[in-house]
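Protein chains: 2
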Amino acid sequence: MSERILIIGAGAIGAFYGAALQTAGANVSVVCRSELDAVRANGFSIESKRLGNRTFKPVQTLGTASDYQGGAPDYVVVSVKVVEGTDRAALIRDAVGPGTAIVLIENGVEIEAEIAQAFPDNELISALAFVQVSRVAPGKVRHFAFGDLSLGNYPSSVTERTKRFAALLETGGIKCTMTEDVVTVRWQKCLWNAVFNPISVMGGVLDTGHILGAPEGELFVRQAMREVCAVAAATGHPLDETLVGQYVEGTRKAPPYKTSMALDYENGRPMETEVILGNAVRAARRENVAIPALEALYALMKMVERKTALI
Amino acid sequence: MSERILIIGAGAIGAFYGAALQTAGANVSVVCRSELDAVRANGFSIESKRLGNRTFKPVQTLGTASDYQGGAPDYVVVSVKVVEGTDRAALIRDAVGPGTAIVLIENGVEIEAEIAQAFPDNELISALAFVQVSRVAPGKVRHFAFGDLSLGNYPSSVTERTKRFAALLETGGIKCTMTEDVVTVRWQKCLWNAVFNPISVMGGVLDTGHILGAPEGELFVRQAMREVCAVAAATGHPLDETLVGQYVEGTRKAPPYKTSMALDYENGRPMETEVILGNAVRAARRENVAIPALEALYALMKMVERKTALI
Chain A
1 MSERILIIGA
11 GAIGAFYGAA
21 LQTAGANVSV
31 VCRSELDAVR
41 ANGFSIESKR
51 LGNRTFKPVQ
61 TLGTASDYQG
71 GAPDYVVVSV
81 KVVEGTDRAA
91 LIRDAVGPGT
101 AIVLIENGVE
111 IEAEIAQAFP
121 DNELISALAF
131 VQVSRVAPGK
141 VRHFAFGDLS
151 LGNYPSSVTE
161 RTKRFAALLE
171 TGGIKCTMTE
181 DVVTVRWQKC
191 LWNAVFNPIS
201 VMGGVLDTGH
211 ILGAPEGELF
221 VRQAMREVCA
231 VAAATGHPLD
241 ETLVGQYVEG
251 TRKAPPYKTS
261 MALDYENGRP
271 METEVILGNA
281 VRAARRENVA
291 IPALEALYAL
301 MKMVERKTAL
311 I
Chain B
1 MSERILIIGA
11 GAIGAFYGAA
21 LQTAGANVSV
31 VCRSELDAVR
41 ANGFSIESKR
51 LGNRTFKPVQ
61 TLGTASDYQG
71 GAPDYVVVSV
81 KVVEGTDRAA
91 LIRDAVGPGT
101 AIVLIENGVE
111 IEAEIAQAFP
121 DNELISALAF
131 VQVSRVAPGK
141 VRHFAFGDLS
151 LGNYPSSVTE
161 RTKRFAALLE
171 TGGIKCTMTE
181 DVVTVRWQKC
191 LWNAVFNPIS
201 VMGGVLDTGH
211 ILGAPEGELF
221 VRQAMREVCA
231 VAAATGHPLD
241 ETLVGQYVEG
251 TRKAPPYKTS
261 MALDYENGRP
271 METEVILGNA
281 VRAARRENVA
291 IPALEALYAL
301 MKMVERKTAL
311 I
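So the sequences go chain by chain: A and B.
The working numbering numbers the first residue of the first sequence as 1 and each following residue consecutively.
The working numbering numbers the first residue of the second sequence as 1 and each following residue consecutively.
Since no wrong hints were added, every one of them can be taken at face value.
Remember, identical chains collapse to one label, so a pair may be satisfied in a single copy or spanning two.
Only pairs whose alpha carbons sit at most 27 Å apart, straight line, appear in this in silico BS3-like list of lysine-lysine:
# : residue 1 : residue 2
1 : Lys49     : Lys163
2 : Lys307    : Lys258
3 : Lys258    : Lys189
4 : Lys307    : Lys253
No lab work stands behind these hints, which were simulated from the structure alone.
Based on the provided sequences and hints, a complete structural model is requested.
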């Protein structure tokens, strides 16, 4: 019998991976809020060079998890964007049964503990998407580049259910990397995200070329990245510090581009400040690690959010 | 015989104080660049509630200091905006005679040494304008609020010529405060400017209400201000640290407004990053004072300038 999967928060990311899972033969349903009618009528239209252009019509298209029919799903995939005030546990509670594995496909660091505490008896799979995918119209999703997923069980291990989930995605065309230490992988991604994302919002907005184009810019980026390394190490997840140089050089070599947070800012959408930067800042405070550059960026982001909240 | 005064860089500030000096009976000429033809034809039109609406027609309206006729002036007033690459000494050299006093009416800290070194035998008067005045059209200047000037000789003292200059301004309607320690007064003004100005450029742009509206914002402002106090103290100009709270509370009580740097940024004009913040940062590095918040702001400003330079 095919796996029953419920995707909660079917935005661009959820729709993209949901389409891949359905291609692999899974029984995929979605909970989506703002575009419910469009998706119910036509499903998702996915444009992707890698996966091909296709329509993804979920088995059940729901406005809330409590409407899910046929018993608890095998996997609940959480791909809601986490902004201040998002209560993910409440969003998924009605769909989580005793045997349901919860899969988080979300940005940020230290995003698992809240879910692990709310569902202590469920398997928790933490996944990071390395993908450039956007919603371009109601129900329409465009995949620009990448697509790989890194995943593992929280806090550490890779179970058979995780392998099965990865195998489905691979069958659906997604390259998966399984890891016994997904928390460290989150910190590795945070090393770039917690630095370039908030900086990119400054000066409304900066692309990676502006950021690394000023000599002071590169020094500041390196300082902030070393601070992320220090926090990660203090939480028991030391990073290879040569990553700092690799990330800087890699970013410099790529054509200038805008981060996801810069795009959110430009488009008036809420930014993932708290999971990408705020959680790193709180981890540093908890572990007594000095992070002056990250603290400055965090304070400036809260001022910018204050402005966008008032608009 | 009336004092001969040459104002170099007759933008809004220079025109405003020049008008006051002329009202007091001085023989006032100007060097202006971009609006030379308009000013030659019609003089400056000044709109001001405090000083009245008036036309200020300089005795000589020049494109360069070397065209000044009738011997060296008694005072050369420098009111050019100081941005990266501005060589003020070169701009004024041809008009400075042995007996000329040089008056700087400019923003920033540590802006005097360069001129003192270039003209070691001339009296140097350093002045800070507390005024809200803008150029609204070629040759047209609008005075919105304030207008007071603080001034004293550099590095310290108040000479007869300084008193005479202040007396002229007072006669022309400008309230002057003379100080034996103008460098400390510069640091006092920097305490607000070096913090609120760069922050205001972030998130393109923030007004004082956004900045102080977020709790993290006020904490960051206070931290950055304490850093300015530490730098000022290290340079031999300790500030009363209760100023930090006074400035924060005073700013909070005023209606939200945009700093001069935010307005420059919005209007695509060069920003005074280097004299307002860069000089404070360099002083801190020279004196080995840790200023992580100011360093972060400075790095971010250089990235923003990188962007504006590329536009």
